[in-house]
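Please build the complete structure, drawing on both the sequences and the hints.
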Amino acid sequence: MRAAIVVFPGTNRERDAARALARAGATPVMVWHKDTDLPPADLIVLPGGFAFGDYLRTGAIAAHSPVMREVVAAAGRGVLVLGMCNGFQILCEAGLLPGVLMRNTSLKFVCRSVTLEVAATDTPFTRRYTVGQTLDVPVAHGEGNWQGDDATVAALEAGNRIIFRYADARTVNGSLGEIAGSCSVNRRVLGLMPHPENAVDPLTGSTDGAALFQAAVEAA
Amino acid sequence: MDTTRPATARDAAEFGLKPDEWQRIVASLDRVPNLTELGIFSVMWSEHCSYKSSKKHLMGLPTSGPRVIHGPGENAGVVDIGNGDAVVFKIESHNHPSFIEPYQGAATGVGGIMRDVFTMGARPIANLNALRFGDPSHPRTKSLMAGVVAGIGGYGNSFGVPTVGGETQFHRAYNGNILVNAMCVGIARTDRIFTAAASGIGSTVMYLGAKTGRDGIHGATMASAEFTEDADAKRPTVQVGDPFTEKLLLEACLELMATGAIIAIQDMGAAGLTSSSVEMAGKGGLGISLDLSSVPTREAGMTGYEIMLSESQERMLVILKPGREAEAQAIFGKWELDCVAIGTITDTGRIVLHHGGVTVCDLPLEPLIHQAPLYDRPWVPTPPRAVLEAGVQPEPLLASLTKLLSSPDGASKRWIWEQYDHLIGGNTIRRPGGDAAVVRLDDGPKGLAITTDCNPHYCLADPVLGGMQAVAECYRNLSAVGAEPLALTDNLNFGNPERPEIMGQIVGCLQGIGQAALVLGTPIVSGNVSLYNETSGQAILPTPVVGAVGLLPDVAVAGTSALSAPGLTLMLVGKTSGWLGASAYARTILGTEDGAPPPVDPQVELRHGTFVRSLVRDQLIAAAHDLAEGGLLVALAEMCLAGGMGASIALPDGPAHAIAFGEDQGRYLIATAAPDAVIARCNGVPLVRLGTSGGDALTVTGHGSTSVAALRAAHDGWLPAFMDAG
Amino acid sequence: MKAVVIVRLKHGVLDPQGQATGNALRGLGFQGVGEVRQGKRIEIELSGTDKDAARAEVDRMCRTLLANPVVETWSIEIEG
Amino acid sequence: MKAVVIVRLKHGVLDPQGQATGNALRGLGFQGVGEVRQGKRIEIELSGTDKDAARAEVDRMCRTLLANPVVETWSIEIEG
Ligand SMILES: Nc1ncnc2c1ncn2[C@@H]1O[C@H](COP(=O)(O)OP(=O)(O)O)[C@@H](O)[C@H]1O
Ligand SMILES: [Mg+2]
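Chains as they are written, first to last, in this note's numbering: chain A, 1 to 220; chain B, 221 to 946; chain C, 947 to 1026; chain D, 1027 to 1106.
Quick caveat, the hints were computed from the structure, so don't treat them as lab data.
There may be inaccurate statements among the hints.
Unchecked claim - Reference listing, derived: stretches of chain D covered by chain C, where coverage requires no fewer than 3 residues with Cβ under 8 Å from a Cβ of chain C:
1. 1042-1052
2. 1065-1071
3. 1074-1088
4. 1099-1106
Remember, it's a predicted structure, so these values are computed and weren't measured experimentally.
Cβ coordinates follow ideal geometry from the N, Cα and C atoms, glycine included.
In structure tokens:
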């Protein structure tokens, strides 16, 4: 299974993503944002970081970079796309997923383990989980506060497209409905704020994120 | 303003040079320098670049050892960790800029120290920060802390290096002068370490990175009336950092280093292009000629003086092998950074600067580098203090425990480190909140343990002992996670060295650091001196922060302070006499900062540390924690909190409050499922059985019990409540 | 020529930053501080001299990059 | 009453945000884009009716919280 990891200037969790994918049996290749010809891939990953400095608005400049046209086209063909943290922000700015990610209500960057509830398992990424299962996965972001208007939320709910919700006692970032991740209508584009790629190794804490990569590898 | 006009004694005074220093410059040149040249002298002869007050005493530090590849004098220290890998690290202060503009001051401090590390060819893998703020009730403390923490996080998080540890303390002595010390640790290959010494007459000097603006052009000139013709054009004293550019600079530099095209490289830190060019040519025993008109600038009309003294961030100077310029330009072009030839290496022994066809500076390097005045400043030793008697216990033991855990210094710093991305890289094996942080090397199983420590109260009471204790506490933190202590870096934060009692603190602390480092086999391989930390005659507490790095052969057996299983035997390693002088208990409960601090015996530290390390490595213990501020009971509570597990103990004999909270040195608390095996190994190391783990409360025989949940509320609650309160 | 773009959050969109600023001002003892909202002001140097053309062009910039139409509105002024 | 505060970076202070935005605009093919600088616009609802008093008060807010005089300048408009 070939996974293409798109690297923008400012991307900084590409190696974490590559390691998680390799552990799950994929062969990750890094793709520099200027290479507008995406190599053939079964899975495209937009990793964490602060593409283009996250200046102006998080994800905004990256979302309008040439490689993203390729990503949008590939998504249209049904290629699996996974955006984690900054990747999720870019997917929202690029219009592949609905809503926006705003400053955390605390106005502070937050890095800690959170309890993540799996809200839907009928995606290629979450098939190995059960609905309602809780995962121990870290977050690390300053702008993970998901917001959308009533119609957007209604559409997500009607389509069972909210995939992860925070299930912590204290709110992580103020997201509407504690939304932590959502998917596209065809369920093949997934974006989430937490970092499952940092939860694949028993020595660093949790391994609850590993099943997400395994499922994606199987599905691709 | 004409920066090529001859300078005067008055200019020299405005640039912060003493009258005798001005005389010395004129004598060494045999002429009067022009204003640009004077500016270059003033920064090269500044305390920051020349170490003129501290050098004499720094010479006494042990700096070499079998593993040391580069000691002090390079951008960062380099230590061999086997298999062709080297650890590269250094700590540096950004105290004053952080007080003026906490976010940018702290952020650029982090940016600067990371550049020091990657300039040597290393990829940064961990950051730490040692912070000191004023009294919590001081009106500026809250906003300074919020800004500093946001700035450290803002830069490190974006750049993509985990910030894994540090320390944070409060005291009124820092009200007008906070301390922000940042440490960076990187990994390089031993056969690909880069230094600053130029070679190759005729080689090209390239300028890399961000453009030069009028940032931070040195303080003394700010006040100069000549610079304020236009109010709106007032030079910004504070540099603004751009982690995005720095991340690109890192990747571009590492890529260029891999090509073998580089002869020497030096970042532009404090004193910017001046110190980088002078040092590169000077270290190589050569000369340098630069055309300042080629330097990429952010604003039009910058003078040579401004270009040389600008402290704009994210810039590097590099000397390339002949004919490799195009290669460098291609790499930097890909990363969208400037890469411009600005001069050549010469054999003249001089620094010659041209600007717009005019020679604006022509100085011999020798006096700039080697003739800075070295001061043997008068100093007086700190008078010894009397031992503080334990007296009667003023309140129940567990009430004091709760107070200590929720005191500003004792409270959890979670509010801080949760704003730092401490997980990026996927190699953080021990997160902040325990003893040393542990970070795995990419391919494992090796890892590094890293910590910073200093107890300024001890340093104030007894500088020699305080210096020793800072090293000893680092040693304990590393040993508690099973790491072999390798080497140290230090950040010497003091007041005005022209005052003999302050100079006495500097001399004493350095003596203590040196003595302990020698016995413990941990040479000092890099460091930074920050003097004149005073406002209106009020000096900070002497704060020689020590940063330490240790090696773990296999991170899978890294120790932990978390008590997470019931039924373990708790044992105390080391002797307890109940020493309360200068302790957290004395400050918080007895209301006194007085008393002599506990003695430190580096030989004892060595023996006890080696013992605990061997227990961790052989997996004979389930948890270990060193005893520091707050003593035995605070350490036990921290272990309970880290693992979410209770414990029951009986205190050794003696006045209960002194035994529970005294800060006798050389001690650890360990938890083991195999107490007999531990005892069998102790070989004379004092060991006392205290009790067992289990339940959901901490119980001290004869003194009652308190739930771990209540302790957690106290420990975790103070800082967020403090910051959130209007 | 210079364009000044003001980007503001749409009415009804939560503004955590403005809220926090308001709280901080009240915390500092400033009286009578009501709602606070924070927006961006972007100055763009432009070559060319045709103001109407510039305005149309800057409007395109806003639509494609400078603002997120899902949550933000913008206004444009062309100077000099 | 409402105060509108514009906070801008002083001339000469690095504006990485503005720089990145300028590069992105040029990258998207917008012609003639020169320097881009980004500032903040803060709207504050105020009770009271004395405009001069309000202006002085908001100036104090800028000095203490809304701006950092070391690197930023500000201007204030009082509306309605
Ligand atoms: N500014 C900070 N940044 C990151 N971690 C911090 C900071 N301040 C404190 N910590 C973390 O909190 C924990 C306790 O610190 P400290 O009280 O100095 O411990 P110790 O006495 O064991 O050295 C450590 O793990 C430390 O890394
Ligand atoms: Mg410590």
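A quick look at each hint next to the structure:
Chain C is given as covering the segment 1042-1052 of chain D, and this holds because 5 residues of the stretch bring a CB closer than 8 Å to a CB of that chain, at least three being needed. With a threshold of 8 Å between beta carbons, the proposed coverage of the segment 1065-1071 of chain D by chain C holds, since 7 of its residues qualify and at least three are required. For a cut-off of 8 Å, the count of residues in the segment 1074-1088 of chain D with a CB near a CB of chain C stands at 4, and the three-residue condition holds. Here the segment 1099-1106 of chain D counts 0 residues with a CB under 8 Å from a CB of chain C, which misses the bar of 3, and the coverage is violated.
Comparing the model with each numbered hint stated earlier shows that hint 4 is the single one that does not hold.
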